[in-house]
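There are 2 protein chains.
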Amino acid sequence: MVTPPIKFGILGCAGIARKVSRAITLSPNSTLYAVGSRSVEKAAKFARENGFPESAKVYGSYDAVLDDPDVDAVYIPLPTSLHIKWAVLAAQKKKHVLLEKPVALNVGELDAILEACESSGVQIMDATMWMHHPRTAKMREFLSDNSMFGELKSVLSCFTFAADKDFLENDIRVKPDLDALGALGDVGWYCIRSILWAVDFELPKSVLALRGTVLNSSGVILACSASLLWEDGKTATFHCSFLANLTMDVTVVGTNGTLHFHDFVIPFEEKKASFSTSIKSGFNELVTGWEPKPSQHTVTTELPQEALMLSEFSRLVGSIKFENAKPEKKWPMLSRKTQLVLDAVKASIERGYETVEVMN
Amino acid sequence: MVTPPIKFGILGCAGIARKVSRAITLSPNSTLYAVGSRSVEKAAKFARENGFPESAKVYGSYDAVLDDPDVDAVYIPLPTSLHIKWAVLAAQKKKHVLLEKPVALNVGELDAILEACESSGVQIMDATMWMHHPRTAKMREFLSDNSMFGELKSVLSCFTFAADKDFLENDIRVKPDLDALGALGDVGWYCIRSILWAVDFELPKSVLALRGTVLNSSGVILACSASLLWEDGKTATFHCSFLANLTMDVTVVGTNGTLHFHDFVIPFEEKKASFSTSIKSGFNELVTGWEPKPSQHTVTTELPQEALMLSEFSRLVGSIKFENAKPEKKWPMLSRKTQLVLDAVKASIERGYETVEVMN
Numbered sequence: 002m003v004t005p006p007i008k009f010g011i012l013g014c015a016g017i018a019r020k021v022s023r024a025i026t027l028s029p030n031s032t033l034y035a036v037g038s039r040s041v042e043k044a045a046k047f048a049r050e051n052g053f054p055e056s057a058k059v060y061g062s063y064d065a066v067l068d069d070p071d072v073d074a075v076y077i078p079l080p081t082s083l084h085i086k087w088a089v090l091a092a093q094k095k096k097h098v099l100l101e102k103p104v105a106l107n108v109g110e111l112d113a114i115l116e117a118c119e120s121s122g123v124q125i126m127d128a129t130m131w132m133h134h135p136r137t138a139k140m141r142e143f144l145s146d147n148s149m150f151g152e153l154k155s156v157l158s159c160f161t162f163a164a165d166k167d168f169l170e171n172d173i174r175v176k177p178d179l180d181a182l183g184a185l186g187d188v189g190w191y192c193i194r195s196i197l198w199a200v201d202f203e204l205p206k207s208v209l210a211l212r213g214t215v216l217n218s219s220g221v222i223l224a225c226s227a228s229l230l231w232e233d234g235k236t237a238t239f240h241c242s243f244l245a246n247l248t249m250d251v252t253v254v255g256t257n258g259t260l261h262f263h264d265f266v267i268p269f270e271e272k273k274a275s276f277s278t279s280i281k282s283g284f285n286e287l288v289t290g291w292e293p294k295p296s297q298h299t300v301t302t303e304l305p306q307e308a309l310m311l312s313e314f315s316r317l318v319g320s321i322k323f324e325n326a327k328p329e330k331k332w333p334m335l336s337r338k339t340q341l342v343l344d345a346v347k348a349s350i351e352r353g354y355e356t357v358e359v360m361n
Numbered sequence: 002m003v004t005p006p007i008k009f010g011i012l013g014c015a016g017i018a019r020k021v022s023r024a025i026t027l028s029p030n031s032t033l034y035a036v037g038s039r040s041v042e043k044a045a046k047f048a049r050e051n052g053f054p055e056s057a058k059v060y061g062s063y064d065a066v067l068d069d070p071d072v073d074a075v076y077i078p079l080p081t082s083l084h085i086k087w088a089v090l091a092a093q094k095k096k097h098v099l100l101e102k103p104v105a106l107n108v109g110e111l112d113a114i115l116e117a118c119e120s121s122g123v124q125i126m127d128a129t130m131w132m133h134h135p136r137t138a139k140m141r142e143f144l145s146d147n148s149m150f151g152e153l154k155s156v157l158s159c160f161t162f163a164a165d166k167d168f169l170e171n172d173i174r175v176k177p178d179l180d181a182l183g184a185l186g187d188v189g190w191y192c193i194r195s196i197l198w199a200v201d202f203e204l205p206k207s208v209l210a211l212r213g214t215v216l217n218s219s220g221v222i223l224a225c226s227a228s229l230l231w232e233d234g235k236t237a238t239f240h241c242s243f244l245a246n247l248t249m250d251v252t253v254v255g256t257n258g259t260l261h262f263h264d265f266v267i268p269f270e271e272k273k274a275s276f277s278t279s280i281k282s283g284f285n286e287l288v289t290g291w292e293p294k295p296s297q298h299t300v301t302t303e304l305p306q307e308a309l310m311l312s313e314f315s316r317l318v319g320s321i322k323f324e325n326a327k328p329e330k331k332w333p334m335l336s337r338k339t340q341l342v343l344d345a346v347k348a349s350i351e352r353g354y355e356t357v358e359v360m361n
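Protein chains in written order, with my numbering: chain R, 2 to 361; chain X, 2 to 361.
For the record, the hints were derived by calculation from the structure and aren't laboratory data. Given the structure is predicted, the values throughout are model-derived calculations rather than measurements. Be aware that a few hints might be false.
Here are the simulated EDC-like pairs of lysine to aspartate or glutamate, each with C-alpha atoms no more than 16 Å apart in a straight line [unchecked claim]: (1) R:K294 <-> X:E270; (2) R:K272 <-> X:D146; (3) X:K272 <-> R:E292.
In isolation and in its complexed conformation, chain R is listed as follows:
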């Protein structure tokens, strides 16, 4: 049975919503249906500029989007502090929720959102696009292969970008009342997710933020680092920052193999992405070269990762809408674990760099 595409309403006209609007258009089972902004003119301009069909609804409020009975799902790219209000309301109005990251200011707020989704039977997924790239699945195969990768020992993740003066003064991500988690919530979210992904989502036992956190004058994190430790001795560290050149590294080291990729959040190119692996690496006899050398792998994709994310989200929504399926619990679980670690890093900074136990 061919089912109609899932109809999306977008709450707000954030920059990132342009990319997601295109992804909705590219995704065969998703369609742009409505956009709401506090200014109807802004919403209309957004719809015009982002490939919305002529028939799309343009609203002067977020509420109006949620009140439209034809909207199946909403994409929420609002500032983090507004997530709890609008994601809960969306769920209560039976809208499936694609929620921009960071999903909430803390796990308490996230739990309120997840409960609302659960009691309404709607799907929630966070918009961590790289999870949906076929490269990610390919790398997962490598990490899961004991003969190639072995037992995971350590993960290093780094996501930085050099924000300009305007960003550092005006972006919502440096405002305590909007995205209070700053660089930790923005780029750090991805670092934490990459680490959890690498360890197949086993939560660390403890987290320690590392001295050197940079705060702006309002106390919002502009750069920080942390170290994570698991029960079995695995370790991970990450560094995230708005104050250094764009860098997006994940390194995963196992007993037998090593994985590197340098563009984990946004691949260098849209239609292909690479990673490198080394397996049982050693040296030649005189230790003047490597044998074997690392090898490079390239994964191509017809659809960009954000369109694949939309396709997966709409597939789940379609199953619920047309086949009476239950929401997929994997995605909210991943959001929640990411938030738990993020909260622990923040707590460690706030407590003067104490080790913080991670509680599920």
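Using the hints, position chain X against chain R.
Same frame as chain R, now just chain X:
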């Protein structure tokens, strides 16, 4: 004036001495002259198998090498615990000292060695080969260029290799009476050196070892990590281990640029080595790809890095011997700074992961 090559005596027949013997042969201003071992048969076998000339001296003790008046310089690849005895003795006998790393068990021992060298007017250099690769100089240019790299913000270094069962039971690097610094002294030495190199040898203000250190049953470090912090807010972390697949990463992130290399200690190939840089990296308009993308740089070298090290060492020795020059202080300074940070990491582990100030 063409001066005769510097005559080397080697103390002991360690595995690494094979590579260095070849390097002495390859280096135009160095020559293999003598080898001493506690067993004269072992020394003779070593000389036969490692390209020593027919005329080379083969001795049944280290003392005999030091007592040979024609030996200009010694290479000391003995276990770290023996460095203080033999490096001091070598200096007292007016032999220039090429000392395997880690140079000493602690900075106190190193200072005794450095004082002996200074009062004898002999050159000392540690055998950190990658410092001498032309790639290293090329990368230094990049890091020093403010318009390309900007201000350094963070360094990540990782050096691991998967030691086999025999190594973990029998190698000198897991024996508390021989190389008591274990993985920290062996692979960790390189991580620390790479970090110091990246920051142009400015010592960090403080060091914190990260929980997760693995010790063997004798208390020798098999794996550990640490975090370093500088006065101006720069940060670095490293991970070193005998328990994970061969990985050799350095990432240096500045305000304008990023440097990556994945074979920092031993290049993948002997005659060429690569690194990648990105400069003022950003995204395309819809944030679906990078602009500009990182670029790859390859540096070729006629002589392998260890032969370049020998050439530099012998050049300095020759200046002293033939031109009455003074020993170059840069090299012992680099050894000492590396040791200071190494000592601080060890102290942090021993004090239960306290932050340790680095004292010069």
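Consistency of the hints with the structure:
{"no.": "1", "hint": "R:K294 <-> X:E270", "result": "9 Å, holds"}
{"no.": "2", "hint": "R:K272 <-> X:D146", "result": "33 Å, violated"}
{"no.": "3", "hint": "X:K272 <-> R:E292", "result": "15 Å, holds"}
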